[in-house]
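A.B. asks: Below, each chain spelled out in residue letters.
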Amino acid sequence: MLEFVRRNRVLLSSGFFLLCSLGLLSANARNPGRIDPLGHVFLEVMAPFQRLTAGVAGVTRGLFDRYVMLVGTQAENEELHARIRDLERKGTHQSEMELMNRRLKRLLALERELPVKAVAASVTARDASVWFQSLTLNKGELEGIQAGMPVMAPEGVVGVISATSMHASRVLLLTDPNSGIDVLVQRTRVRGILSGLLEQGTTLKYVKRSDDVRVGDRVVASGLDGVFPKGLPVGRVTKVSRKDRGLFLYAEVTPDADASRLEEVLVALATGEELRRPALLPSAADVGPPDPAMLGIFGPPAPASKDGRDGREGRGAQR
Amino acid sequence: MSLLQTTHAPAPSIGAEIRAAGIYVVTGTCALLLQTTVLHGLTGGRIIPDLVLILCVYLGLHEHNLGGATGAFLLGYLLDSFSGSLVGLHAFAMTTVYLVVYLVSRRLWMDNTLSGVAMVFLGSLLKGIAIVIALAAYLSIDRMSFGVAQTLFAEALLAAALTPVVFGVLGWAKRGAGAS
Chain P
110 MLEFVRRNRV LLSSGFFLLC SLGLLSANAR NPGRIDPLGH VFLEVMAPFQ
160 RLTAGVAGVT RGLFDRYVML VGTQAENEEL HARIRDLERK GTHQSEMELM
210 NRRLKRLLAL ERELPVKAVA ASVTARDASV WFQSLTLNKG ELEGIQAGMP
260 VMAPEGVVGV ISATSMHASR VLLLTDPNSG IDVLVQRTRV RGILSGLLEQ
310 GTTLKYVKRS DDVRVGDRVV ASGLDGVFPK GLPVGRVTKV SRKDRGLFLY
360 AEVTPDADAS RLEEVLVALA TGEELRRPAL LPSAADVGPP DPAMLGIFGP
410 PAPASKDGRD GREGRGAQR
Chain S
235 MSLLQTTHAP APSIGAEIRA AGIYVVTGTC ALLLQTTVLH GLTGGRIIPD
285 LVLILCVYLG LHEHNLGGAT GAFLLGYLLD SFSGSLVGLH AFAMTTVYLV
335 VYLVSRRLWM DNTLSGVAMV FLGSLLKGIA IVIALAAYLS IDRMSFGVAQ
385 TLFAEALLAA ALTPVVFGVL GWAKRGAGAS
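Protein chains in written order, with my numbering: chain P, 110 to 428; chain S, 235 to 414.
Accuracy of the hints is not assured; some may be wrong.
Residues of chain S clear of chain P, computed beta-carbon distances all greater than 12 Å [what the hints assert, rightly or not]:
#1 I252
#2 N346
#3 G405
Residues from chain S that face chain P, not an exhaustive set, calculated with beta carbons under 8 Å [what the hints assert, rightly or not]:
#4 T270
#5 I282
#6 G302
#7 G322
#8 Y332
#9 L333
#10 A368
#11 W406
Treat the hints as calculated values from the structure; they're not laboratory data.
Every residue, glycine too, gets a C-beta built ideally from N, C-alpha and C.
Extracted from the complex, chain P is given alone in its bound form:
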């Protein structure tokens, strides 16, 4: 018996770990809360290393861009290049500061509009896999961040905090296939669930084929999921198709906040009812009647989607 175990120890241990993985998978798929006994430790231990690596990478990239690429020409025009480099460095630094200033001002404006306290955090790392979409932030439980809190950028919804440690936290982006946000099409108030695609982008789920959704329509948070404030911009419809069989139409939405370019985000330190208090962000009702151009009364039709169909394709199919 002992000899059998010894001879097949790799097979037996691999089988055991496969069962453990499937157990974890099943438990996490069934349970809305994250069951992750070691993730908290990994996140906390790796956070300082990630910050350090990101910092070193940034400095190295800067050095490479400024110096290594100019080695050939530097030999010919040393003095001129020194001046150019100096000016470039100052210019780049100034532009960087201006951009950061602009970003932080917009973040501050968003923070003031929120009915609850919020914390600004920097993005220190991104998802380790190409199949999922998440970010790591440089702030965690010490700043009051907890799982389930909404993450926003001045452009709109970014995602939800999915895991935290003392000094770091992870954000599940709305473009992740495992995310789901209750949203409204601003023009027609049609409700749906916005979820990420396994490829890039997001899709609007559970919208009836007969509902009026067109390319170019704005999508905003409905506030009904108790996570995001009502009226917070989410994205814009870029493709509508009613060709597939089934009860629902297929609509792709491009998020307003491009997560690949985000450097700072805002985490609202509240969930549920606190965020449902008076919507300070403009909803359709607040901003008045929709723009006639958006309704297609006059002016050009909604922009064509990638495959050459426009938003009216759906209405044609409906008729």
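Starting from the known structure of chain P, arrange chain S on it as the hints suggest.
C.D. replies: Positioned in the frame of chain P, the structure of chain S alone reads:
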């Protein structure tokens, strides 16, 4: 030389095993750090070379013991902590890759870089397929386009291309630490 592997290396000492484990921990941590920071910036996030998978294949080829299986599971779990929200997905995929590579390497001679490249390519495809199947089963994803297959293939090619470097670094580190 027959393709069938018939010889076994003598069992390493406990000290060598501990040193090897230390090298795997450091390499795994560095691989994950690179995957979550630097490599994202280089590739724009569209395709990320999976260094952790290469390490997992290396374990399957060289560590035929309890530590190898545990290492593959922990590497997957570590990846789960920094990827997506479904804990256990990468742990499952990495353990599967380790098991398949182990079974193949028990039957075929796998002691050169080229066979390692081939195993990483196949392992990457296997990992992608395992993830897609698990996602389809647990998240009921109903739409998968040709783009998914393209991404799978590109990711596998990139991982295979980096295999000689990662295997070389691991071999060098193990020789240097007297752990090989």
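A.B. asks: Could you run down the list of hints and mark each one as holding or not?
C.D. replies: Outcome of the hint check:
no., hint, verdict
1, I252, "holds (18 Å)"
2, N346, "holds (22 Å)"
3, G405, "holds (21 Å)"
4, T270, "holds (4 Å)"
5, I282, "holds (5 Å)"
6, G302, "holds (7 Å)"
7, G322, "holds (3 Å)"
8, Y332, "holds (6 Å)"
9, L333, "holds (4 Å)"
10, A368, "holds (6 Å)"
11, W406, "violated (21 Å)"
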